[in-house]
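Could you slot chain B onto chain A? The hints should help.
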Amino acid sequence: MDEIVAEYIRRTVLKIPRHEIKTMLQTWGFLSEAQLQTVNFHQTKDSVSREVVQLCKDNSADIKQAALLDIIYNHVYPNKRIWSVYQMNKSGEETDFFDLRDFKKKFKRRLQTALKNVTINFKEYEDNAIWIRIAWGTPYKKPNQYKTSYVVYHSQTPYVFISASVIRSTLPLLCQALAVASNYHDIREMELRSHCLNSLKDIVFKRYSQTFQTYYPRPLQERNVTSENVDLRIIQENKNEKERILRVNREVFGDGPQPKLEFAQYKLETTFKSNPSLDVSDIKEPFRCLVKFSSPHLLESLKSLAPAGLADAPLSPLLTCIPQKARNYFKIRERKGIFPGSFVSP
Amino acid sequence: QLLGNEGVAPSAEPDAAQRSARAVLEWKTRSVQDLLQLFYLTGLSGKRTKHGACFCLSTAYEGTYLGCFYVDVTVRPQVRIRRHSVPAFIPLQQLAARHLPADLKRFLSVLSDHLNAYVGRRYQADQLQERFSSHLGGTVQRNSLCNMLAFSYNTSGRSESFPFSARLLYGDPCRSLPTEAVVSC
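Heads up: the sequence lines are chains A and B, in that order. Those letters in the first sequence? Residues 1 to 346, per this note's numbering, in order. Those letters in the second sequence? Residues 1001 to 1185, per this note's numbering, in order.
Excised from the complex, chain A in its bound form:
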């Protein structure tokens, strides 16, 4: 077995938390159950990884197997990487049957024609997600297995999720190959980034809980009546206001959990507006300013601002439009508001 492959497998195993190693190797399926029984998973990870590599040598693992293990690791721990969302467009209206073999063939061919030294591996999951792992080389050097990009694509959708490698120059080539393989004719990066891949999917696939006004009560929705300790000596002076805030908040954010984003960034390019008596009103150049909101869970914290009394309800639409506009990077220019959307908001 190639030493590079052996070392790569060893390092991949070292990344896995100790109690998960056996499960992940079982999912991988390259080592038999009998072989896995021979490994003591309670010793140090260093020893475990060496034993695993020895077994892989016995089975003559190649780079394809090693790449598959890496995909499985990233599928279980996608939040260790930062993901961007790309949107594709096509004009044709023919029914697309999406042949997986065709997709893989076209993708590989496009990429390998432009750059011979790449390692490309695919894995499909039951939710129609196709994972692609690409290890990049140069025209003169073999692919570096540690410089990898990952792509997640759900068939027949116009969205692609990419976790790019450090080599930014490979991105245009990757995007082109994706568009060609999935029968779209162009692809552009959206202003939406996060560590949480599933939340990005929730946002663009409209899987997050939105409130729609309807007469038919949703079957799973049960209003949680929080039974507060009713102490009759305490009178809520602003009970109406509290209820109004909760109601407005609920209309905006819905009842369910919010998609998980870590930041929202607003780039302001507006002119400074001030009291006319201050002598700065003749500055006609835009006042450049960048506002960045960060949080372990931005949307949940925005949702809790008004009920906690830290902000007025309703919150600024610039903050609340994030899941619906599917963006967390904004540019605000002089004319009030964000860019007008197309017929259908993304």
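Derived by calculation from the structure, the hints in this document are not laboratory data. Backbone N, C-alpha and C define an ideal beta-carbon position, used for all residues, glycine too.
DSS-like cross-link-like pairs, simulated, lysine-lysine; straight-line CA separation at most 27 Å:
hint, chain 1, residue 1, chain 2, residue 2
1, A, Lys-303, B, Lys-1047
2, A, Lys-147, A, Lys-57
3, A, Lys-142, A, Lys-116
4, A, Lys-116, A, Lys-105
5, A, Lys-90, B, Lys-1105
6, B, Lys-1105, A, Lys-206
Label pairs and their in silico Cβ distance ranges:
hint, chain 1, residue 1, chain 2, residue 2, range
7, B, Arg-1082, A, Lys-105, 35 to 43 Å
8, A, Arg-288, B, Thr-1042, 50 to 58 Å
9, A, Arg-207, B, Lys-1047, 20 to 28 Å
10, B, Leu-1036, A, Asn-79, 39 to 47 Å
11, A, Val-291, B, His-1051, 26 to 34 Å
12, A, Leu-310, B, His-1051, 27 to 35 Å
13, B, Lys-1028, A, Glu-191, 45 to 53 Å
14, B, Glu-1180, A, Gly-29, 28 to 36 Å
15, B, Thr-1029, A, Gly-29, 53 to 61 Å
16, A, Asp-127, B, Phe-1164, 22 to 30 Å
17, A, Asn-198, B, Lys-1028, 44 to 52 Å
18, B, Arg-1082, A, Ser-32, 49 to 57 Å
Leaving out everything else, chain B in the frame of chain A:
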């Protein structure tokens, strides 16, 4: 709400007139609720909003209700979709470009056809996987729209070999039955 707010009359015995008024109100409430439930069951219902209207497209396949999708539209200055919960692989943008703003009714009808056909295909594929798993070799390969299914199978359900392989194509996005089937062995 009206029923809830009715306080207890100060006199011990409620009026006969009050009782019958309450009964009428209860009957009215029930029949409105039944009517709304009926609208939901037809597959298309809606509610006016301050912007325009919010439509609920409920889907079903052969008597089994399979969930609903929402489309929230504004009507001024033109009919335009504000928000929705339609999956990304349904060509919503194309349908909107073709039928809106002129014909909202037709747009909703066509969209409903697409959605019902999709959930119908998905439901059938799930049922195939679940109820005939012993006849199938592995899982049924499909795509997001479930308009292409590929699987290998046997007829007995008992043996280990799956000599036949089938590929079903559903060419019409508004239908839940295949338009082409290729079986090979």
